[in-house]
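Undergrad: Sequence:
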Amino acid sequence: MQSEPSPSAIRIIREGQRVELDWADGHQSQFDAVALRWLCPCAYCRGEAGLPGWLDANPSLSEQQTTFTGGELVGSYALCIFWADGHRTGYYTWSLLRTNCACAACISAPHG
56 MQSEPSPSAI RIIREGQRVE LDWADGHQSQ FDAVALRWLC PCAYCRGEAG LPGWLDANPS
116 LSEQQTTFTG GELVGSYALC IFWADGHRTG YYTWSLLRTN CACAACISAP HG
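According to our numbering, the sequence shown is numbered sequentially starting from 56.
Any given hint could turn out to be false.
Simulated restraints, written as ranges between beta carbons of each label pair [unchecked claim]: (1) 87 x 108: 33 to 41 Å; (2) 130 x 82: 19 to 27 Å; (3) 119 x 82: 16 to 24 Å; (4) 68 x 146: 15 to 23 Å; (5) 163 x 130: 16 to 24 Å.
These are computed hints drawn from the structure, not numbers from a lab.
What you are looking at is a predicted structure, and each value in this text was computed from that prediction instead of being measured.
Cβ atoms here follow ideal geometry from the backbone N, Cα and C, with glycine treated the same way.
Whenever a hint applies, use it, and build me the whole structure from the sequences.
TA: What follows is the structure in structure tokens.
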């Protein structure tokens, strides 16, 4: 059984509005704030009980909705980003972040 990916370093860069992750296997990922907000996995953004989420009904995001104010680790499995609009319920698991890495190597890798 393959173990879950885990980062060895995490940097929330407020000035550049991005998150950088160095993974234990040597891989590196970078996410900008807009991409992370669209990726938010919380029930409010994604929907629940068959109902659409807020992101499904809103085709655009404001500057406050895509500006980091901070973040914190959630146990040993996720990162919670704090957004300028007060949103902070999305737990970005290591698996979610690694699966959605948009680096050239990950984009060109075959998925199966």
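Undergrad: It remains to establish, for every hint, whether it holds in the given structure.
TA: Going down the list of hints, with the structure as the test:
Judged by the Cβ atoms, the range 33 to 41 Å given for residue 87 and residue 108 is violated: they are separated by roughly 21 Å. The supplied range of 19 to 27 Å is met by residue 130 and residue 82, whose beta-carbon atoms lie about 22 Å from each other. Between residue 119 and residue 82 the beta carbon distance is about 31 Å. The supplied range of 16 to 24 Å is therefore violated. Range check, residue 68 to residue 146: about 20 Å between beta-carbon atoms, so the 15 to 23 Å window is met.
Between residue 163 and residue 130 the CB atoms are about 32 Å apart, so this pair departs from the stated range of 16 to 24 Å.
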